[in-house]
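Protein chains: 2
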Amino acid sequence: MASGTVAGNTAQLTFEELRAALRQVGEERYHHKHPFHLLMHEGKLSRGQLQAWALNRYYYQSIIPIKDAIILSRATDPSFRRVWRKRIVDHDGDEQRNGGILRWIKLAEATGLDRERVMGAREVLPATRFIGNEYLNLVRTRPFVECVASSLTELFSRDLIALRMERMRQHYPWLASALDYFEARLTEAPEDAAFAIQYVFDHATTRAEQDGAIQALRDKCDILWAQLDALYFAYVEPGWPPPGAFRIEDGGKKDEGRRG
Amino acid sequence: MASGTVAGNTAQLTFEELRAALRQVGEERYHHKHPFHLLMHEGKLSRGQLQAWALNRYYYQSIIPIKDAIILSRATDPSFRRVWRKRIVDHDGDEQRNGGILRWIKLAEATGLDRERVMGAREVLPATRFIGNEYLNLVRTRPFVECVASSLTELFSRDLIALRMERMRQHYPWLASALDYFEARLTEAPEDAAFAIQYVFDHATTRAEQDGAIQALRDKCDILWAQLDALYFAYVEPGWPPPGAFRIEDGGKKDEGRRG
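Line order of the protein sequences matches chains A and B.
Heads up, the first sequence is in the numbering used here, so the first residue is 1 and it goes up one at a time.
Heads up, the second sequence is in the numbering used here, so the first residue is 1 and it goes up one at a time.
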């Protein structure tokens, strides 16, 4: 899967250069620019389209703690594991508080879906499963520092989430009371990203390893992007869900005003 | 991934019932009905769209012998392995003849792509990689008889390929001399399918195992379907290839006449 080596210069990057290279990947590939998100933020998605998004994205959320447990299982340093396990607690919750997965279910319920239907995941797009499995493949098989680097989409998520919350309150006020997931991510994601970028800088000790880490972030961005491609194709334009997948019931699945 | 159990009746299926159940899956989910293939067979794809298809489908072809080698590596019966290894020879070739992979390259070259560009695979859609990896996941992790059953799309491929060859000669005569891949599959696929369906019937000895085999074929159909969804989204409608993927150069990528 990894292929990209930054051509030319082969000197090791400083921390600032590495951060700039990672941010460059985000500019080019992070899904904040995906047309599905643009429609969402312009208030142009129907309730049915938001249901399809919440249902499929729930499946993705549900594999994140599994992804983090795989990383945990490959970490040989207890101090790394102590930091990383926070991610699993953040998603799965503990005695004191709900985790991100339950908060996402609250969001999905606010779109009008039953909890059992969301958690059963029988109607998710096959592409959503393939993409989830791809992320699990990545953290099972790639060099450890690349697995950590693949989490660095969190460098970009705060801005996207802040914008999304603002626009959801504006365009979909019936969702406004169900945004706890995003509220929590506003602080969790930057904390996690700060640790991960420092780890990548400290442990990718050659330019080749740094390039591998940058490529892993590129691959992770491709995973997020492909997820929205599949949603757009199935539920916006042309609007063809594959056999067996969730179908929008309210008839308002299309926004005829947008054509690429 | 497996979830579907045929509801109700739990008696073991006869050979004819099993074949009928598998054919039913094909009717519902095989990609002969996918809109991308319908456009292809109606002569409505541009040369650039056929390039995108050939380039991405080459990547899929290139992993098929790897898939078959994984199945070979899990087979404990030498007589099974002797039969199954034919598939690897069919794709990779031997001293006497080219294999399917080289024949596919010939097809891709006929669309106007350089061999190196096709084999380098740097421009394939991320979704194409994810889908290829999903097929490899399946044969690595599922019960052995389900891996064999996942090949049973070959029950349906002869009719699709025969139609495709006829329509390609009619609509894209500049491809007519490069259809050797399909010519070979007309005989290879039915031979392979006949062995595989008999194997599945003989070795799925409970109704639950039979249901698992049927589900594996469903999952394989979803893999093929998702591949064409990704091509359609990137190169037909709306026609948005993801960052870094192959882009059509000739400007004729859209067929404005089709909208779902």
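It should be emphasised that the hints constitute simulated quantities derived from the structure, not laboratory data.
Be careful, since some hints might not be right.
[As the list claims (entries may be wrong)] Covered by chain A, per the in silico footprint, the following chain B stretches (three or more residues, Cβ under 8 Å): (1) 25–37; (2) 126–137; (3) 219–226; (4) 230–244.
We treat Cβ as the ideally placed atom computed from N, Cα and C, and that holds for glycine.
Hint check:
For the stretch 25–37 of chain B, the proposed coverage by chain A is satisfied: 3 residues have a C-beta within less than 8 Å of a C-beta in that chain, meeting the threshold of three. Here the stretch 126–137 of chain B counts 8 residues with a CB under 8 Å from a CB of chain A, which clears the bar of 3, and the coverage holds. Proximity of the stretch 219–226 of chain B to chain A, defined as three or more residues with a beta carbon under 8 Å from a beta carbon of that chain, is established by the 6 residues found. A stretch counts as covered by a chain when three or more of its residues have a beta carbon under 8 Å from one of that chain; for the stretch 230–244 of chain B and chain A the count is 11, and the coverage holds.
Every hint, counting from the list given before, is met by this structure.
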